[in-house]
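Participant: Each chain is listed here by its residues.
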Amino acid sequence: MSKSKSQSALIPHLLRRAGFGATPDELACYQSIGYDKTVDQLLKPEKIDNDKLEDLIKAQNFDFTRLEDLKRWWLYRMCFTKRPLEEKLTLFWHGHFATSNKKVNNPYAMYLQNLAFRKDGMSNFGDLLLTVSKGPAMIVWLDNQQNKKGKPNENYAREIMELFSLGIGNYTEEDIKQGARAFTGWETRNSTFFFNAGQHDSGDKRFLGETGNLNGDDIVRIVSQQPAASKFIANKLIAFFVSDAPNPDMSDDLAKVFMKHDGNMKVVLKALFTHKDFMSDRAYHAKIKSPAELVVGTIKTMQVQNLDGDLTSTMSRMGQSLFEPPNVKGWDGGRAWISTNTMMERFNFETRVTQQKFDAIEGYISPSEMVAQQKLTNARSMVEYFLNLLVDSDVPDSAKQELVRYVSADISGKPLNAIPDDKLLDAKLRGVVHLIMTLPTYQLA
Amino acid sequence: MSLTRRDFLKAGLGAVSLSLGAPHFLALAAQAANFDPRVAGKSKILVVIQLAGGNDGMNTVVPYGFGEYYRARPTIGVAQKDVLPLSNMIGLHPSMTGINDLYKQGKVGVILGAGYPKPNRSHFRSIEIWQTGDPERIIETGWLGRYLDLSASHTCGSDYPLPAVNVESSLPKTLSAERVVVPSVANIYDFKFATDQHYQQDRKFQLEVFNNIYAKFDMERPDVDMLRRVGMDSIEAADYLLKVVQNYKGTANYGDSGFGKGMKFIAQMITAGVKSQVYNISLGGFDTHAGQARVQANLLKQLSEGISGLQKDLEDHHLDEDVIIMTFSEFGRRVAENGGHGTDHGTAAPMLLIGSKLRGGIYGEYPSLSNLDSGDLKYTVDFRTVYSTILDRWLAADSRQILGANYENIRFV
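Top line first, the protein sequences correspond to chains H and Z. Numbered according to the working numbering, the first sequence spans residues 535 to 979. Numbered according to the working numbering, the second sequence spans residues 624 to 1036.
These aren't lab readings, by the way, just hints derived from the structure by calculation. Take the hints with a grain of salt, since some may be wrong.
[Stated by the list, open to error] Here are the simulated lysine-lysine pairs, DSBU-like style, with alpha carbons at most 30 Å apart:
(1) H/LYS636 x Z/LYS980
(2) Z/LYS1001 x H/LYS683
(3) H/LYS711 x H/LYS571
(4) H/LYS586 x H/LYS637
(5) H/LYS863 x H/LYS685
(6) H/LYS934 x Z/LYS815
(7) Z/LYS980 x Z/LYS924
(8) H/LYS863 x H/LYS909
(9) Z/LYS884 x H/LYS636
(10) H/LYS711 x Z/LYS741
(11) Z/LYS827 x H/LYS934
(12) H/LYS863 x Z/LYS1001
(13) H/LYS794 x H/LYS578
(14) H/LYS957 x Z/LYS815
(15) Z/LYS924 x H/LYS863
(16) H/LYS685 x Z/LYS704
[Said to hold, decoys possible] Coverage of chain Z stretches by chain H, computed from C-beta distances (three or more under 8 Å per stretch; other residues unrestricted):
(17) 796-808
(18) 855-868
(19) 921-932
(20) 955-964
In this text, a Cβ means the ideal position worked out from N, Cα and C, and glycines have one as well.
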């Protein structure tokens, strides 16, 4: 395969990973500029006009002090943004910093944290880490509000290293104790950062080899510059964007870029999306879709316009409740998304999206219209069209045959011997789209 | 000793293919057809309750007879007058009235100071240690997953279509196995394959097409195989479990919590004759770094109500002699309270065992409150001895093969 042809076939793969998939129109647009220019565009969200989304959002009148509104706001962004990587990266950081409103109990603070992920998510890692550390959500989440001079609370010092920057084994319990002292006095009042000087321990501390009257800013600076941080973040990015299996070579490459460019995320992400391993066969259809990717991807691919209905609760039942990650490690992802329970949730979401009613009067998808637009007239070509659209045709032949058999039968399964009328055809198309979405390869990104 | 896949195969599992084909369906369908309520005296059952977050053991089994306890916990220490005494030195948190009643009936074993050498205070690594039974190496299978694999090999797999049931949305490593697929069912009523209700006849045909496609969906890719297995198992398990719940009759009270509902679902499955030996459930929220008193009191109340509800339900159905319930957590918490009226991650903590066939009582020594390991309790009982006892003396399994070494048994059963 020539380089340019294989690159163009990789664009759907890129969009599934760097975003949440694409509508047929978006896909055509990216195909026309080619892979490399698509990567560049994804990495320059500030140059893309997102007014249409912002207007749509204003019209919804979300109340950011209510969790349900906050979740729906984010779902709108994921479905209708013109800056897919910016949004996907926000989800990455949300999982990475894994702060849950269940404990923070302040949706507005969670909103502010989400804005920080979006605004600083592509800047330098150390800058993002500092912004997040000073955010009201994080201060409450990891108990820094209770971290006081003389009676330190170690939670933040431990987790900033274990979970956010270095990983286990790259610091000692003593570093935790000293780091805790450096963060004393970092509090929040009225959802803003407040430095309580009276509670701050300004004695000398020794942390990861550096000594002095270190405060929280110093801790963030020191951890961000550790070689361990470059590896840790590289591995997290690979796990989220590339593959569920670790990739030590790619990890080394990305870590080097991270160290060389002071943790500049744009540069690191460019290296990731243009890395040969990202574009290899092994990375193709190699990640299990998170609930967000499944739900948003389905909405985009089938061009659902209206987001009525309890989509955010559906995602929660699939194991991903936005703003409420299950524990400080975020979501394990990969195979952890899949259990008999969550699989059934996925199948049933797919039913709701494909059937005629979904919390509103009209249907959500229009498979009959799509088929008419493509001028498809027989069962086989219709099945092939949806297989290509939904799973890149990545199924065994036996599956295709069986789906053709399904479409070529009446509602009870008896083979048709006449062309179905519009009503029956519509029902069969909805059924076949549902069936395709229950296939193993539809679960893969 | 590391348990490798090769070891499993050597242990007599034989060259069984990892993908599931038609015979698996038939077994499940047969089980569904022959709906068959449980008769007492059949194989033993273990109900595992994971207390997620690191439950503070010292405020669960309270050493009220020791002065150091109150000195270390001036604001969150449980007052002596509130403790439910088990002896004149230790007692239960006041929320645990149901468990206390069971203790008086001789049905509760309290294992003090359970832990392991070189304790890990990270949630993730420590819970993994408890779930896999290995403090030294990171392995992929759980101690009960390995038990299920070994057990399935001796009974030709297909007799146990639901070898264990996980009453949670996601499967914990405890039940992660090489061969056996453990279904996770958090809520039975949402757990069925739905199609457009306008076309009732379409559902049967779609299921037929689904099954036909899945039966041949072999692409020789591990993720695809796993998705395929889970997809097929979900459909079969759903039909069967719905029948189970519809046939349940019981009056035991489980309290109002989600945890209580989950414990009731376990009772429904046991009484219906679901042939599972292990049920897993968890109760979360125990990571009490601040404001511990109220949070833990509420959680321990849910725990106590759920456990006493299940025990009563089993007794009502005359099945209590077949079941043991076990609680564990990834670690206990520090001896001294912190500046936020809470506690930070610690080490050893008690385990509770409940069942009619237990030799009730207190096992082990309360860890010293003065001779500490940097502010943390030193463990007195290796948790693997509890596991080995359950494996050897309750589940009639070979604990040496599953845990990788011989561990002493404790005589609680």
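Participant: All the hints need checking, so say for each whether the structure fits it.
Facilitator: Going through the hints against the structure:
Using a Cα cut-off of 30 Å, the hinted pair H/LYS636 and Z/LYS980 is violated, with the two alpha carbons roughly 39 Å apart. Taking the CA atoms of Z/LYS1001 and H/LYS683, the gap is near 28 Å; set against the 30 Å cutoff, the hint holds. For the proposed pair H/LYS711 and H/LYS571, the alpha carbon gap of about 48 Å is over 30 Å, so the pair is violated. Of the supplied pair hints, the one linking H/LYS586 and H/LYS637 is violated, its CA atoms being roughly 34 Å apart against a limit of 30 Å.
With a CA separation close to 26 Å, the supplied pair H/LYS863 and H/LYS685 stays within the 30 Å bound. For the hint pairing H/LYS934 with Z/LYS815, the CA-to-CA distance comes to about 25 Å; that is within 30 Å, so the pair holds. Restraint check: the Cα-Cα separation between Z/LYS980 and Z/LYS924 comes to about 24 Å, which is no more than 30 Å; the hinted pair holds. For the hint linking H/LYS863 to H/LYS909, the alpha-carbon distance of about 49 Å lies beyond 30 Å, and the restraint is violated.
A distance of roughly 21 Å separates the Cα atoms of Z/LYS884 and H/LYS636; the hinted pair therefore holds under the 30 Å criterion. Taken as a hint, the H/LYS711 and Z/LYS741 pair is honoured in the structure, with Cα atoms around 19 Å apart against an allowance of 30 Å. Between Z/LYS827 and H/LYS934 the CA atoms are separated by roughly 19 Å; this keeps the pair inside 30 Å, and the hint holds. Distance check on the hinted pair: H/LYS863 and Z/LYS1001 sit about 27 Å apart at the alpha-carbon level, within 30 Å; holds.
Simply put, H/LYS794 and H/LYS578 have alpha-carbon atoms about 21 Å apart, close enough for the 30 Å limit, and the pair holds. Annotation: proposed proximity of H/LYS957 to Z/LYS815 holds, straight-line Cα distance about 26 Å (limit 30 Å). Between Z/LYS924 and H/LYS863 the alpha-carbon distance is near 27 Å, which keeps this suggested pair within the 30 Å criterion. Only pairs whose Cα atoms come within 30 Å are accepted, and H/LYS685 paired with Z/LYS704 is accepted, the gap being roughly 29 Å.
With 3 residues having a beta carbon nearer than 8 Å to a beta carbon of chain H, the segment 796-808 of chain Z meets the requirement of three or more and the stated coverage holds. Counting residues of the segment 855-868 of chain Z whose C-beta lies closer than 8 Å to any C-beta of chain H gives 4; at least three are required, and the coverage claim holds. Beta-carbon proximity to chain H at under 8 Å applies to 0 residues in the segment 921-932 of chain Z; the threshold of 3 is not reached and the given coverage is violated. Using a Cβ-Cβ cut-off of 8 Å, 3 residues of the segment 955-964 of chain Z lie near chain H, which meets the minimum of three, so the contact claim holds.
The structure fails hints 1, 3, 4, 8, 19 (numbered hints given earlier, in ascending order).
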